[in-house]
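Generate coordinates for the entire structure from the input sequences, incorporating the hints supplied.
All the letters of the sequence shown, read from the start, carry residue numbers 1232 to 1477 under this note's numbering.
Keep in mind that a hint or two might mislead.
Okay, derived cross-link-like pairs now, PhoX-like style, lysine-lysine, Cα gap no bigger than 25 Å in a straight line [to be verified]:
#1 LYS1476 - LYS1340
#2 LYS1473 - LYS1461
#3 LYS1387 - LYS1340
For the record, the hints were derived by calculation from the structure and aren't laboratory data. In this text the structure is predicted, and so the values were computed from the model without any measurement.
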Amino acid sequence: MANGSATAEAPPPPMAKRDPVSHTLTCKTDQSVKQVTVSIRDAMVFLVGGAGDQERYYVDGPNHNVDYVRDMVDADIEALEIQTSCTTLPLGYNSFMSEEDLERNVIRKIPSCNTAIYIIGHSLGGWNGAHLSAVLTERGFEIKILVTLDPVGHGKIVYGISKIYRQVPKPKAQYWVNIRAAAVDWNLSDLVADFGEQWEISEGPNVMGRLDINHADANSMYAHALPGGKSARQIVAESIFKWIKG
1232 MANGSATAEA PPPPMAKRDP VSHTLTCKTD QSVKQVTVSI RDAMVFLVGG
1282 AGDQERYYVD GPNHNVDYVR DMVDADIEAL EIQTSCTTLP LGYNSFMSEE
1332 DLERNVIRKI PSCNTAIYII GHSLGGWNGA HLSAVLTERG FEIKILVTLD
1382 PVGHGKIVYG ISKIYRQVPK PKAQYWVNIR AAAVDWNLSD LVADFGEQWE
1432 ISEGPNVMGR LDINHADANS MYAHALPGGK SARQIVAESI FKWIKG
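Here it is as structure tokens:
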């Protein structure tokens, strides 16, 4: 309360609708029609690119770094023969900042609230993708895995010129894989990441890796073995397959 007047609380975000899926089945020995509710398992993978990834960022891009990661995800989906049950979609880091953009670019793309969600974010897309995991969880969706590939966004300057969340992300996912690029031989992409300030994460992820890989090489980070022996690619593919085949 301020100045003697009460401040009304903002309404809670709309929850995703959970509609049961029904099919009409007829047994060979029973000709009466029966309604049986069945659970259809599907998954959706959002790949959130960084600055200059899906669209031009001032003088750079688009460079489509997360599209190379998407190619690997799609290849795994095809190898597992689950193409009809799993969809992938690339997003720009700033594609869901407003309620309208979130609804149009993300929520409307998800088949149902029962769809398992996977988020893979790189650079500024790692920072915003971590926020997206919390936003979708609050709306009733289940985030199976969040993968952040060298997330960037701490810098005050980059916040001033980029459409990113200002607060440090508080991810909500069943499993979180974070990878920090720490190349010995720097290139321009590492200088850009340093300018934007990499998100130094000390706790939270289930798996964390620090790799001698340049910032721009999201596909290499995704495919490289991490502590424990598996890569983010293996972890995601195994989870999707397990979920769909259930």
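Hints, verified against the model:
1. LYS1476 - LYS1340: Satisfied, since the Cα-Cα distance of roughly 22 Å is no more than 25 Å.
2. LYS1473 - LYS1461: holds, 16 Å
3. LYS1387 - LYS1340: violated, 32 Å
Hint violations for this structure: number 3 only, all remaining hints satisfied.
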